[in-house]
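Number of protein chains: 2
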Amino acid sequence: MSSERLIYLPLGGAGEVGMNAYVYGYGAPGKERLILVDLGVTFPDMDSTPGVDLILPDISWLADNIDRLEAIFITHAHEDHVGALGHLWSRLRKPVYARNFTARIARLKFEEHGLPIEEINTVGARPETVEAGPFRVQFVPISHSIPETSVMVIDTPGGRIVHAADFKLDTDPVVGEPFDAALFEAIGDEGVKALICDSTNVFVPDPGRSESTLAKPISELVADARGMVVATTFASNVARVKTLAEAGRAAGRSVCLLGRAMKRMVGVAEEAGVLGDFPSLIAPEEAAKLPRGDVMLIVTGSQGERRAASAQLSRGKYLGMELREGDTFLFSSKTIPGNERGVLRVINAFSEIGVDVIDDSTSRYHVSGHANRPDLARVHGLLRPDMILPNHGEHRMLREHAKLAAEAGIASIVPTNGMVVDVSGEVPEPVEYVDAGRVYVDGAVMVGALDGVVRNRIRMALNGLVMVNLLIEENEALGEPWCELMGLSEKGRSGAPLADLIEGELAQFIDRSSRKVLADDDKLEEGVRRVVRQVAMEEIGKKPEVIVVISRLQED
Amino acid sequence: MSSERLIYLPLGGAGEVGMNAYVYGYGAPGKERLILVDLGVTFPDMDSTPGVDLILPDISWLADNIDRLEAIFITHAHEDHVGALGHLWSRLRKPVYARNFTARIARLKFEEHGLPIEEINTVGARPETVEAGPFRVQFVPISHSIPETSVMVIDTPGGRIVHAADFKLDTDPVVGEPFDAALFEAIGDEGVKALICDSTNVFVPDPGRSESTLAKPISELVADARGMVVATTFASNVARVKTLAEAGRAAGRSVCLLGRAMKRMVGVAEEAGVLGDFPSLIAPEEAAKLPRGDVMLIVTGSQGERRAASAQLSRGKYLGMELREGDTFLFSSKTIPGNERGVLRVINAFSEIGVDVIDDSTSRYHVSGHANRPDLARVHGLLRPDMILPNHGEHRMLREHAKLAAEAGIASIVPTNGMVVDVSGEVPEPVEYVDAGRVYVDGAVMVGALDGVVRNRIRMALNGLVMVNLLIEENEALGEPWCELMGLSEKGRSGAPLADLIEGELAQFIDRSSRKVLADDDKLEEGVRRVVRQVAMEEIGKKPEVIVVISRLQED
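Top to bottom, those sequences are chains P and B.
So for the first sequence, our numbering puts the first residue at 1016; every next one is plus one.
So for the second sequence, our numbering puts the first residue at 1016; every next one is plus one.
To be clear, the hints were calculated from the coordinates, so they are not data collected in a lab.
Every clue listed holds true.
A pair counts as met if it fits within one copy or between any two copies, since identical chains are not told apart.
Straight line, CA to CA, 20 Å or less: simulated SDA-like cross-link-like pairs of lysine to any residue:
1) Lys1349 with Asp1375
2) Lys1418 with Glu1441
3) Lys1418 with Asn1363
4) Lys1506 with Asp1068
5) Lys1418 with Val1032
6) Lys1418 with Glu1340
7) Lys1558 with Leu1069
8) Lys1349 with Asp1374
9) Lys1558 with Asn1471
10) Lys1506 with Ser1075
11) Lys1558 with Gly1467
12) Lys1349 with Val1219
As the structure is a prediction and not an experimental result, all values here were calculated from the model.
In isolation and in its complexed conformation, chain P is listed as follows (with noise of 0.2 Å):
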């Protein structure tokens, strides 16, 4: 047996579809050199992260071994892979290395952190190879719903390590390379130790379709519609984008695209040279003064964010365009897990109006970026690896591709967040587990996951807050007690005033406290807080949160 050992360490998105970090290493245990594959974001909601803007993977192992990292790959321009470099990469200062149009939307987020962009380099198809400490690293073209994505070939001494991040099989993507299957078989031949491949799409029985099978139906739509078209998806998946332009343009209709995202994901597209033949674009000043059937919008917004294009139309007029009876609203795009009520809001709104809207409920006009089950056994018979081990997924999935690998018998394991995964044997071990959680971007700052910033939040919310005001002197206190309500009702089943009511309790309860109790900001507080949430769970059935402020007046 060597000394050396070959490792995979996921610090994010084994057991989430989302904030995508995959670490790997080579060399003698606990001195491995590094790598790291993809730095992505995932997104907070009311429940879980109220208030915080993105959801980071907390690197602060990689930070703490980061004379060991060689470089940092991206494996495509998705937030869920490419989000967070701008945020954490000043913790890293590795060389960055992506393909053409991945690279370019790196530069951007460099440039609005006010970062080098000269760190990150662009890198062509296979066989144009980054050597980075024992890494040979290629990036293989696959299709997927975003251009220019890569299944990265990693060669080590430890034998080919093959990590297929998001892919579908597509022959025919509409934009970018097709799907080669021959060159999978190669890769295959010549000898893979372990494949870490997508899982989002285990549990769908059928295999993908093309991204091309959608331009025939989406067209008939546009075609046959009578007011205003909008269509919405990922701004990102430019091929859909090209496809719902390209029946706009079918249908004798000026196509103007809505929201940021989608004018720049276009644009960075067409610079990169991977968008060709492209309907010409109107203004949105110029589309409001077309008869209706001659526009159709694309806009962002598939999954109904409030702030987004779709939203800002569904609730009244927007950029000059208005929506009414009659127009018709596509969502060319799949409702993601948990966005469901956002997305509803959206189409009932349109519905109010009287706009027809196409759901994603048919699936005529959506296909998965994803490889489906199929497509999953169909990689590994051609890649033929050692071990699998999947990632991008949550738990559920992730089993379930480990159940598939073991149906062919590949051996497989079902890694988590912070699993140091010894590859080098026979089959994959887990060694060792380090410290891998979240951290959030909220406002300007970064807060950590367990800092318990976001659960007081979340407490307020759920349980509402009294603010008690007391002042002291020489002991003593000096006037009543004074509280302030947020976020409860103001009468309880007395029908008296809440504050009122834990302000009597209250100046009794100081009254009958002793001096020495009065004397300790702790007692006391412990004191005032039990006497707020006795009242108001005798009155509102509630026990709120208490800020207890004691000021103490000195003497002059």
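Starting from the known structure of chain P, fit chain B onto it as the hints suggest.
Using the frame of chain P, we list chain B on its own:
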């Protein structure tokens, strides 16, 4: 034309699935005698109603016109039809009519609220008739996902209304009465003025499947399972609970119910005589002692509710039971939109334990309780009403249902909550709008949806909170201003504690404020708020909520 009119007024349920409350009136305009059909709740969520326990329809209009109200009718015992009765009946105090099973559930609610259960009257099926003012009301049995659901046939001098709350067309519903097409045709033969009709599944293109089709697949699943089998469904779906229990019995397993609602519903159904030959049950303590392969649990929590049995089991030991690798968990249910995150949390937690979860992605183990599009068309055809008023649905569903009516040449509109619709003529006519809205049950009190209480909770959750305390004596500041943070990062860009920075800026602000400003609470508060937000924006990029407490010391 008669000077009397027949009106329909939804106070809840028109534009939402939930909170059903429908008023019918007959008489001179503004003096119509009234009945209420159903009085249900809807459920809160963290996005829009954090901390709220239940959402009720605002029945102020009805309470203001209480002298005109004759009676209350409940179509079936689902919470969205009967759940508000205990909370709101004391404002109405009119007799309640329901069939046996529903009446028993309603009485339990009355008992919990200390209301007079003798006000709840048990009524038999048609031809039994309740006379209430100008209304003659019959309960017509129909199939749904709870026993003894009824369509209300409401005869008035202005014609017949058929109120078809939730229903499906099931000729073999396992529990309760099968759908009787001849009966509905006969009702149609007698002439129907207006059909008020369930719209939940109007977008589902295929005819609904019978409850009885589930026995075979569920039995096979349970028979093939090795370890413990746990199944969840809505407790009120007594037919499903029976199918699940019988599958357990057939596989030689002892059946155990977990969850208060599950035991209560089965108990009431047995007492009401609608549930016969239910397998004998064992207690959790007994189940815990048996070999895993001999046990079948039927549990609450099909929607991933945190406190329900399914979620408890996913987190570890519950009532002595603990799931293990090789056990099977079946969702014999559909995830209601908005509940996805909770359900996925439970599924992934089971996945981590190694439990095989059969979710609702296949429709093998669940059928809906609502009529699909062709079923709705069939009911339209049997009843042949002059007009159709879609209810029980989001706006997009009501609109689609109105389109379906139009396809059959039947007059229709899309009613909204608070819209008074005159159905006296040949087509429905909106004639007036009354206040309709929502009231929140929040702990022990009720809070109006527009009171701002919940809005403040959401603001605290999104923005965090700064509380400022100022002492003023003789219009001069006494000591330094003091602040506390909640739900905010302790430190910002500068690295100094945010509270210190705010206090510093506030001290300067106070110093430069005139005695006039210091004497004026409003001006002082406004200034303090501005300073706090400015510092917070600079330091952490957020504008927090601010509570300012000014303590004015009086001279002794």
